[in-house]
Every structure is written in structure tokens, then in C-alpha cells.
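In order, the protein sequence lines correspond to chains A and B.
Using this note's numbering, read the first sequence as starting at 730 and increasing by one per residue.
Using this note's numbering, read the second sequence as starting at 21 and increasing by one per residue.
You may find that some hints are simply not true.
[Said to hold, decoys possible] Here are the simulated BS3-like pairs of lysine-lysine, each with C-alpha atoms no more than 30 Å apart in a straight line:
id: 1; chain 1: A; residue 1: K837; chain 2: A; residue 2: K920
id: 2; chain 1: B; residue 1: K130; chain 2: A; residue 2: K837
id: 3; chain 1: A; residue 1: K890; chain 2: A; residue 2: K919
id: 4; chain 1: A; residue 1: K837; chain 2: B; residue 2: K128
id: 5; chain 1: A; residue 1: K1011; chain 2: A; residue 2: K919
id: 6; chain 1: A; residue 1: K919; chain 2: A; residue 2: K837
[Claimed, not checked] Stretch-level coverage of chain B by chain A, calculated; a stretch enters the list once three of its residues show a Cβ under 8 Å from a Cβ in chain A:
id: 7; stretch: 31-38
id: 8; stretch: 58-64
id: 9; stretch: 76-89
id: 10; stretch: 97-107
id: 11; stretch: 139-150
[To be verified] To give a feel for the contact side, a few chain B residues facing chain A, derived at Cβ under 10 Å:
id: 12; residue: T43
id: 13; residue: G45
id: 14; residue: V70
id: 15; residue: S113
id: 16; residue: C118
id: 17; residue: L119
id: 18; residue: D131
id: 19; residue: Y134
Rather than coming from a laboratory, the hints here were simulated on the basis of the structure.
Given the structure is predicted, the values throughout are model-derived calculations rather than measurements.
All C-beta atoms, glycine included, are put in the ideal place defined by N, C-alpha and C.
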Amino acid sequence: MNHRYCRSIGSIVLLALLTGLLLFSPAVAFAVPSHPPVQTEWWVWEIALFVFSFFLGIIAVIAGVGGGVLFVPIVSSFFPFHIDFVRGAGLLVALSGALSAGSPLLKKGLANLKLALSMALIASISSIAGAMVGLAMPENVVQLSLGATILGISMIMLLSKNSAYPEITEPDTLSQILHIYGIYYDEQLKKEVSWQIHRTPIGLMLFIVIGFMAGMFGLGAGWANVPVFNLVLGAPLRVSVATSIFVLSINDTAAAWVYLHKGAVLPLIAVPSVAGMMLGTKIGARLLTKVHTRVVRKLVITLLAAAGMRALLKGFGI
Amino acid sequence: MKQQLHANRIQLTYATVLSWTSTLGIIFVVAGYLVYVLQLLPSAVSPSEVAMHWHLRAAELHKIVPVPSGWDWIYQLGRGDVLSYASVVYLSSVTMLCLAVIIPLFLKEKDMIYSVMTLLQVLVLVFAAAGIVSGGH
Chain A
730 MNHRYCRSIG SIVLLALLTG LLLFSPAVAF AVPSHPPVQT EWWVWEIALF VFSFFLGIIA
790 VIAGVGGGVL FVPIVSSFFP FHIDFVRGAG LLVALSGALS AGSPLLKKGL ANLKLALSMA
850 LIASISSIAG AMVGLAMPEN VVQLSLGATI LGISMIMLLS KNSAYPEITE PDTLSQILHI
910 YGIYYDEQLK KEVSWQIHRT PIGLMLFIVI GFMAGMFGLG AGWANVPVFN LVLGAPLRVS
970 VATSIFVLSI NDTAAAWVYL HKGAVLPLIA VPSVAGMMLG TKIGARLLTK VHTRVVRKLV
1030 ITLLAAAGMR ALLKGFGI
Chain B
21 MKQQLHANRI QLTYATVLSW TSTLGIIFVV AGYLVYVLQL LPSAVSPSEV AMHWHLRAAE
81 LHKIVPVPSG WDWIYQLGRG DVLSYASVVY LSSVTMLCLA VIIPLFLKEK DMIYSVMTLL
141 QVLVLVFAAA GIVSGGH
């Protein structure tokens, strides 16, 4: 009873956070249109971006989504920065999150180096291509395609059902040649789980598409990596999530360099976002057991869909 | 004990290098940013100047204000804006460093598939960093 009460209180607090996130959106708070010359002091935007990213980090962890995928559509909707810089910052947000989470996951054997390297090589090349195409496209086309992609991601998040321990009876030839298999200790089952994969060529094809989209929009690609590892290749969910983070660190590095060379990374935008998101993620992890994650996840999907719609409307010039 | 069982030596080496280099990266990024915004070092472009133009496309902003991009900042490390940018460049190089470290380990284990694959991966990232495949200037 007491536990249920605490979780309800936690959910209400989270709901308030989400509302705060929307109300705090500087476009509302400072009543400025989306692309004017800046009238508000620059440091106000810096603090706003840090606080905004902090809240985003909290709800991203609780909703079980990567910060990068929330960051780009929401920040490009509510802040006065050009979407070029928001995408550059989004890549760095996703990259720094992946770098800091990567080490413990590799040490525990949850992230698998060979599985990640096999997929990341081809995905990182397409990520570079995606970044180059994305930065060359007219702004309205970027907004339109970002809006459509975000709406698609919301649908995937709403409908996809993961499989914790998929059963693979026979691994495919390519995965055997590449020695992609493993064993990890499952804390929940309290036993060792061995795994192997199948449909490796299909997985490789899908990673080309994922890499391209991640580079093009500056999104972290956990929303796509995890279902492909888990549902297509048949890796256990924990291995899929951990290896996805590792692949993300390679793909986003490749794309980030394109943004750096094209001048689309401004530390003034990237650093408060990275710092806020990382701090928020740590707080979010502590709140994880105290809130109704399903409710928050649904709210975040709604928020994501709204940001996708807003990007679509911006693309149409509305 | 468990972690030694489930992650091989190469994976553990990668994890250790990643842990150190990424922690250092986060510290650099925050420190570089503070040096810039608190204007502890002189900068070619002040934060307020950047803020006046950050609603423009990246290419247009660069025509107006000389903010660092690519590698054009390398001889100006004494500037606050450059220092902040350099820290972001370092963070973007962490993965490359980690991957480069494990190539000799794969070679030592005579694992030719992953030696070549990791080498190719590092080359892709090095080419991207050099601006060869990423439209650098």
C-alpha cells in the first residue's frame, strides 16, 4: 500500500516534470518566435538549455529511451538555435551518454564487442553519408523528414514488443564465421545465459538504414538498434540494449566528425546539453523504481509525437 | 570473477581505456566550456556574438563569425573558444583511441577477421576526422 502510494506520488512528480518541461520551453517562457535575432541574454539560453536537458535526461531514463532521440525534435522546436546546431549537439548528447555507459556494460559482458564491431563498420559509413546528406538538405526538407521520422519512432515505441530471451535454434553461417555468440550472467534469473544470433545479413542491411538516419538527424539510434538486435538477430534484450549503446558510440563518432567539419557543432549549445542530460540521467536512474514507468513512457511517446507533428508543421511553413 | 568469465581480455581492455578516456573527456568538455563562458582566456568570438547568429545555418554563421570548425583552430589553443571546441574534438576522438588500442590485441590472438575489421573501422573514423570522407575543408 505504502509502496503503491510512493509510486503514485512519484508519477505525479514526473507528470509535473513533463508539464514543467513544456511550460519551461523557452519559446513559451520568454515568448519569443522560433527564429528571431536573439533578444534574450545568451546566458539565459545557456541556463535554460541546461535545465531543459536535465529534465529531459530524467524522463528519458524513466521512459527507457535514449536522450538523443528526444533532444533533437524538442530542442529544435522550443529553442532559437538552427536545427544544424541542434543536430550536432544531439549527436554529442547521444555520444557522451554512450561513452559513459559503455565501460560497465562491456566489463559485465552484456555488451558484446564482436557483435557491435560487425554491425558498426557498415553502419558508421552510412552514418557519415547520412550526416553529409542531412547537412546539405534545405531546412524545410530536414524538418519534414525529421517530423515523419519522429512520428515513425513514436509508433515503433508504442507497438514494438521486445523478447527478453529469444530462442535461436540454429545460428546463421555468417554469424558463425564472425564468431558472434556469448554468455552473460543474468541478475534477474540468477544464472548464466548463453546466446547466439541468426539473420545476420538482414541485420547488416537494417544497420545501413539506421546509421544513415542517425547521421542525417543527429539522433541516437537506440530506438532502432535494440529492436534489430533483439527481434531480428535474436540477441537477448539485455545484450541488445548494451550492445546498442556500444554501436551508437561508434556511429555517432563518425557522424559527429561530419558535423564538426561542417561547423555544425557549437560548444555553447552542445556542452550545456551534454552536462544537463548526463546529470538528469543519473537522477532519473535513482527515480526509476519510484515511478510508474509505463505511464511515463506513454507520456513521453505523446510528447515525442507532438514534437514530430510540430516539426512536420514547421516543414510545411505553418 | 563473473566479469572475467563473461568478457574476454580484449573487451576488458577496451572497457578500461574507455572508462579513463571518456571520464577525462567529460572533465575537459566542462572545463573548456567554463573557460570560454567565464572568459578566463581571450576569445576571437565572444559567446554573445555567437548567440546573435545561432539561428542561422552553420554555413551562414561561419561566413559572419570565425568560430572554430574542423581543424582550423589547431594553432590557436590559447583562445577560450578554441579550448572549448578542442575539448569537444577530444570527446569525438575517444572511440577511435579505444579501437586503436585493441587492434594489436586481436593481432596477438591471431584473430585476423576482427584485426582487419577493427583496423577498417579506425580508418573510417580517421578519414572522417581528417575531413577526407566528411566534407572537411
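Consistency of the hints with the structure:
At most 30 Å may separate the alpha-carbon atoms for a hinted pair to count; K837 of chain A and K920 of chain A meet this at roughly 14 Å. With a C-alpha separation of about 24 Å, the suggested pairing of K130 of chain B with K837 of chain A holds against the 30 Å cut-off. The suggested pairing of K890 of chain A with K919 of chain A holds, with an alpha-carbon distance near 24 Å, which does not exceed 30 Å. At roughly 23 Å between alpha-carbon atoms, K837 of chain A and K128 of chain B fall within 30 Å of each other, so this suggested pair holds.
Between K1011 of chain A and K919 of chain A the CA atoms are separated by roughly 26 Å; this keeps the pair inside 30 Å, and the hint holds. Taking the CA atoms of K919 of chain A and K837 of chain A, the gap is about 14 Å. The hint holds against a cut of 30 Å. Counting residues of the stretch 31-38 of chain B whose beta carbon lies closer than 8 Å to any beta carbon of chain A gives 6, which meets the minimum of three for the stated coverage. Only when three residues or more bring their CB closer than 8 Å to a CB of chain A does the claim for the stretch 58-64 of chain B stand; here the count is 0, and the claim is violated.
With 8 residues carrying a beta carbon less than 8 Å from a beta carbon of chain A, the stretch 76-89 of chain B meets the three-residue requirement, and the given coverage holds. Here's how the stretch 97-107 of chain B fares: 4 of its residues keep a CB closer than 8 Å to some CB of chain A, so the rule of at least three is met and the hint holds. For the stretch 139-150 of chain B, the assignment as covered by chain A holds, since 6 residues bring a beta-carbon within under 8 Å of that chain's beta-carbons and 3 suffice. With 10 Å as the threshold, the beta carbon of T43 of chain B comes within range of chain A, its nearest partner Cβ sitting at about 8 Å, so the hint holds.
Residue-level restraint check for G45 of chain B holds (minimum Cβ-Cβ distance to chain A is 7 Å; threshold 10 Å). Evaluation of the V70 of chain B hint against chain A yields a held restraint, the C-beta minimum of about 5 Å falling below 10 Å. Residue-level restraint check for S113 of chain B holds (minimum Cβ-Cβ distance to chain A is 8 Å; threshold 10 Å). Interface hint at C118 of chain B: satisfied, since its Cβ lies 9 Å from the closest Cβ of chain A, which is below the 10 Å cut-off.
Because the smallest distance between the Cβ of L119 of chain B and any Cβ of chain A comes to about 8 Å, under 10 Å, the interface hint for this residue holds. Given the 10 Å rule on beta carbons, the hint for D131 of chain B holds: about 8 Å separates it from the nearest Cβ of chain A. Hint on Y134 of chain B holds. Least Cβ distance to chain A is approximately 6 Å, under the 10 Å limit.
Going down the numbered hints, you'll see the structure goes against just number 8.
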